[in-house]
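One letter stands for each residue in the lines below.
Number of protein chains: 2
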Amino acid sequence: MGKRKSGKLIIIGGHEDKENDKEILKIVAKHVGDGRLCIVTVASSVGDEQWEEYSRVFKSLGIKKLTHLDVVHRTESIDHRALKAVKDADAVFFTGGDQLKITSELGGTLVADRINEIYHNGGVIAGTSAGASVMGEIMMVSGDADKTFRIGAGLNMSPGLGFAPKLLIDQHFAERGRIGRLLAAVAHNPRYLGIGIDEDTAIVMDESKCFKVIGSGAVYVIDAHESNGQNISEAVMDTTLSIHNVKLHLLSRDDAYDLQKRCPEKGAALKSSALKSVS
Amino acid sequence: MGKRKSGKLIIIGGHEDKENDKEILKIVAKHVGDGRLCIVTVASSVGDEQWEEYSRVFKSLGIKKLTHLDVVHRTESIDHRALKAVKDADAVFFTGGDQLKITSELGGTLVADRINEIYHNGGVIAGTSAGASVMGEIMMVSGDADKTFRIGAGLNMSPGLGFAPKLLIDQHFAERGRIGRLLAAVAHNPRYLGIGIDEDTAIVMDESKCFKVIGSGAVYVIDAHESNGQNISEAVMDTTLSIHNVKLHLLSRDDAYDLQKRCPEKGAALKSSALKSVS
Numbered sequence: 001m002g003k004r005k006s007g008k009l010i011i012i013g014g015h016e017d018k019e020n021d022k023e024i025l026k027i028v029a030k031h032v033g034d035g036r037l038c039i040v041t042v043a044s045s046v047g048d049e050q051w052e053e054y055s056r057v058f059k060s061l062g063i064k065k066l067t068h069l070d071v072v073h074r075t076e077s078i079d080h081r082a083l084k085a086v087k088d089a090d091a092v093f094f095t096g097g098d099q100l101k102i103t104s105e106l107g108g109t110l111v112a113d114r115i116n117e118i119y120h121n122g123g124v125i126a127g128t129s130a131g132a133s134v135m136g137e138i139m140m141v142s143g144d145a146d147k148t149f150r151i152g153a154g155l156n157m158s159p160g161l162g163f164a165p166k167l168l169i170d171q172h173f174a175e176r177g178r179i180g181r182l183l184a185a186v187a188h189n190p191r192y193l194g195i196g197i198d199e200d201t202a203i204v205m206d207e208s209k210c211f212k213v214i215g216s217g218a219v220y221v222i223d224a225h226e227s228n229g230q231n232i233s234e235a236v237m238d239t240t241l242s243i244h245n246v247k248l249h250l251l252s253r254d255d256a257y258d259l260q261k262r263c264p265e266k267g268a269a270l271k272s273s274a275l276k277s278v279s
Numbered sequence: 001m002g003k004r005k006s007g008k009l010i011i012i013g014g015h016e017d018k019e020n021d022k023e024i025l026k027i028v029a030k031h032v033g034d035g036r037l038c039i040v041t042v043a044s045s046v047g048d049e050q051w052e053e054y055s056r057v058f059k060s061l062g063i064k065k066l067t068h069l070d071v072v073h074r075t076e077s078i079d080h081r082a083l084k085a086v087k088d089a090d091a092v093f094f095t096g097g098d099q100l101k102i103t104s105e106l107g108g109t110l111v112a113d114r115i116n117e118i119y120h121n122g123g124v125i126a127g128t129s130a131g132a133s134v135m136g137e138i139m140m141v142s143g144d145a146d147k148t149f150r151i152g153a154g155l156n157m158s159p160g161l162g163f164a165p166k167l168l169i170d171q172h173f174a175e176r177g178r179i180g181r182l183l184a185a186v187a188h189n190p191r192y193l194g195i196g197i198d199e200d201t202a203i204v205m206d207e208s209k210c211f212k213v214i215g216s217g218a219v220y221v222i223d224a225h226e227s228n229g230q231n232i233s234e235a236v237m238d239t240t241l242s243i244h245n246v247k248l249h250l251l252s253r254d255d256a257y258d259l260q261k262r263c264p265e266k267g268a269a270l271k272s273s274a275l276k277s278v279s
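Line by line, the protein sequences are chains C and W. Numbering follows my numbering, with no gaps: position 54 of the first sequence is 54. Numbering follows my numbering, with no gaps: position 48 of the second sequence is 48.
Simulated from the structure, these hints should not be mistaken for laboratory data. Errors might be hidden in some of the hints.
Here are the simulated DSS-like cross-link-like pairs (lysine-lysine), alpha carbons at most 25 Å apart as the crow flies [said to hold, decoys possible]:
#	chain 1	residue 1	chain 2	residue 2
1	C	Lys26	W	Lys22
2	W	Lys64	C	Lys147
3	W	Lys18	C	Lys147
4	W	Lys147	C	Lys22
5	W	Lys59	C	Lys147
So that you can see chain C by itself, here it is in the shape it has in the complex (with noise of 0.2 Å):
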């Protein structure tokens, strides 16, 4: 294969536009062009239907090849069948559900391998919602939302699939009013960005250089490098959160953020050569 090509991320914070205008899903559909797309219903309970739907969407935005993969334990990731709906994929999508059935039912598996191949080969990784989740080294499983964050309370982290090394995906971000549990999951390590995607929104994003924000919410990003006056390993157990100076990103469509020097760039000044390239 000779040099590795840059794989692309779509990270989508749920609910994305399948009817009408269907500008995230294009935007899938776009960079799959005449390849291979695997359609993973893992973490879902009814993922024939969302096979269904997506599989209808994509045909409609001109994906001609479709696989489905919905494992439902984890033994058969090794299964032929589970195999061979990845084995030719050029890109997959993750549909929502539970994040954590992504993880525990693919993590370690072979199928898991041939995804990360898929994406390292230059291949495109898109997920909604639980979909998104996964996309971080370190994801968020549960937390308390539309309250006050406090210390100890139900705020449950796990692995991710680990596409995006350096980000704390978040996703229904403004809709589910999960502001205080991002934090608090970034309180935990500043080193992870934390990105609290909207609804019907997109980060499109270039291994780990830079990302742009498609659809049409909004895109938080939250970055506590600079950030003090945590007292999140010093409290007792239901202590509301502090930190203090955290630098706080809202971003809208053809916003895009370098992940390199931690900067956001304005849509109208999208000029650099490191961000012309996530399109």
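The hints should help you fit chain W onto chain C, whose structure is shown.
Just chain W now, with coordinates in the frame of chain C:
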């Protein structure tokens, strides 16, 4: 009176505990001391019920002299009865309801002048929920929450009572997912600090110098002085808001914030003389 004394503001995010420890109302009562407290229920459509509840609680906390101000129509604010309620008061407590009722019924009246005088004579002005919103020079009247904030969508601002001229205050903050609308309000003119106060949480403030957090929840400080990338004035209606490089502080009990330096201080580090006076 000689040198003007500094008034004290106690700004509460709503739903403060009234049955158990009553932490916040206890601190209000402590500051009122043996003074006369006027409970203003103008914001509410059930003013008599609120008067009954708050007078019961404040009596249980040792306040002996209580009056009730419940203006139903603006013309009453010049009434003898309304003026009498605030005439000899040393402190004022604004209950929740609709903030626009407070400002539209009281703004520019003799009653409002007298409340100002109480504050500038060193009195305590407290308010919860709608009664918190009115503390700023500018306040939010309404605004979409729990979804992506879109420019031009329902964010309405109005002049407040102006006791806290540098702040733009939002309440029920985590509970109602209001980060998006507060970012949007601040983006209109970043000279205001956005302050989002959770329920059962308050800030105790010395006349625009500094404040301290009390109660069980969190206080968000949104400082957009060094922000950029805003699209609030350029974008067409319904565009999703962008704003980059916002400083965000999440404060909890005993954390303080220096309004002049625009700098948080951790609870444990509360030693500077500027902050010592807020207690």
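Hint numbers contradicted by this structure: 1, 2, 5
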